[in-house]
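Asks: Here the protein sequences come in this chain order: A and B.
One point on numbering: in the numbering used here, the residue at position 21 of the first sequence is 21, and numbering is uninterrupted.
Just remember that the numbering used here sits 1000 ahead of the position in the second sequence, which is counted from 1.
Hint data in this document are derived by calculation from the structure and do not stem from the laboratory.
A few of these clues could be false.
Keeping only pairs whose Cα atoms sit at most 30 Å apart, straight-line, the calculated DSS-like set for lysine-lysine is [stated by the list, open to error]:
id : chain 1 : residue 1 : chain 2 : residue 2
1  : B       : Lys-1083  : B       : Lys-1137
2  : A       : Lys-34    : B       : Lys-1254
3  : A       : Lys-75    : B       : Lys-1255
4  : B       : Lys-1222  : A       : Lys-34
Here the structure is a predicted model, which is why all the values come from computation and not from measurement.
The chain contents come next:
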Amino acid sequence: METAEKTLDEILTLAAAHFKVSREKLSPDEDFFKALGIDSLQTLDLLTKLENHFRVELPDYELQGVTDFRTLAAKIQARL
Amino acid sequence: MKQFRGQALSWQVQTGVIELALHREPCNELGSLSLGEFERFAAALDGLEKDAHALILYSDLKCGFCAGADLRELYERSQTMEKSQAAQGVRDFLERIHCVLNRIDAAPLTTIAAVHGVTFGGGFELALACDLIIADKMARFCFPELRLGLIPGFGGIPRLKRDLGNSVVRDLLLTGRSFNATKAQQIGLVSQVVAEGEALRAARATAAQIGKFDQQTVAAAKEFIKPIPLDELRKEIDIFCELFSRPAVRAGLKKFVESTDAQPYLP
């Protein structure tokens, strides 16, 4: 069972690697759309990456309005 | 015509396989330009089939297989036309794209959609017309039409119903949620999930395997197991056109076209 902090850390690492930004520049409470500079299609990419990595299903309506990494991690944690 | 290079799609025949590539920026939206070239392809298929045992559809664009109908074109046309004229235009478009997809669906060769990335709405419906869907693990599927006050209009529901259980169809349609390739394989939509960027290679390997069989037998098997749900397809066009005439649809199209939201496919 992953802890919430470990989940959060993995999300930050994965997002940084996929969108080629420095891991150190990403913080848990940051708006990930702005931090990663991603558009709607790239948001889908991120969603798929996260689902594949954590082996969960994340219905997109559950993520509607979620903009920071910490809340995203909580949503994933709830499905692990 | 053995080879064609258009603005939205291209095709060529290589070692008994017709490869149809989509390449209209930004993400292969299906509008009047694509439809015209698809009709050209459907007309050429009679000749191409003589030298081929398989057809592979894939996208040359990084964003994905196809983002679906060109909603911007649909919105712009609905703005510049009288209501009745726009409704007739939509019906004509649907009739024409159904003809193309029915032709691909019933082709007496094995058809494979090799998909990656966004495979939404009309793009999903294009894949569903094929016999097999091979997806890379970053592929994502969705029927977002309900957000616009519409149902899928390119044959999606009848073809999903043909392939899947009704409860799964309801989930995909009524929630409008997107789902990944692994889920698509679990529910029986996708036959193979492969690594990122490997869908076309896997489709070519599958086509080569199919080429070893007697093609008359393959065609007979396909005709037996894959009936075209013509009555339901006709019904779908009627329902779509009825829904399209409501003001809520124009409002939904306007909202989508003007949206800067990160998830514009959600209501």
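Asks: If a hint holds in the structure, say so; if it does not, say that too.
Replies: Okay, the hints, checked on the actual structure:
Of the supplied pair hints, the one linking B/Lys-1083 and B/Lys-1137 is violated, its CA atoms being roughly 42 Å apart against a limit of 30 Å. With a C-alpha separation of about 25 Å, the suggested pair A/Lys-34 and B/Lys-1254 falls inside the 30 Å cut-off, and the hint holds. The suggested pairing of A/Lys-75 with B/Lys-1255 holds, with an alpha-carbon distance near 27 Å, which does not exceed 30 Å. Taken as a hint, the B/Lys-1222 and A/Lys-34 pair is broken in the structure, with Cα atoms around 49 Å apart against an allowance of 30 Å.
In this structure, the earlier hints numbered 1 and 4 are contradicted, and the remaining ones agree with it.
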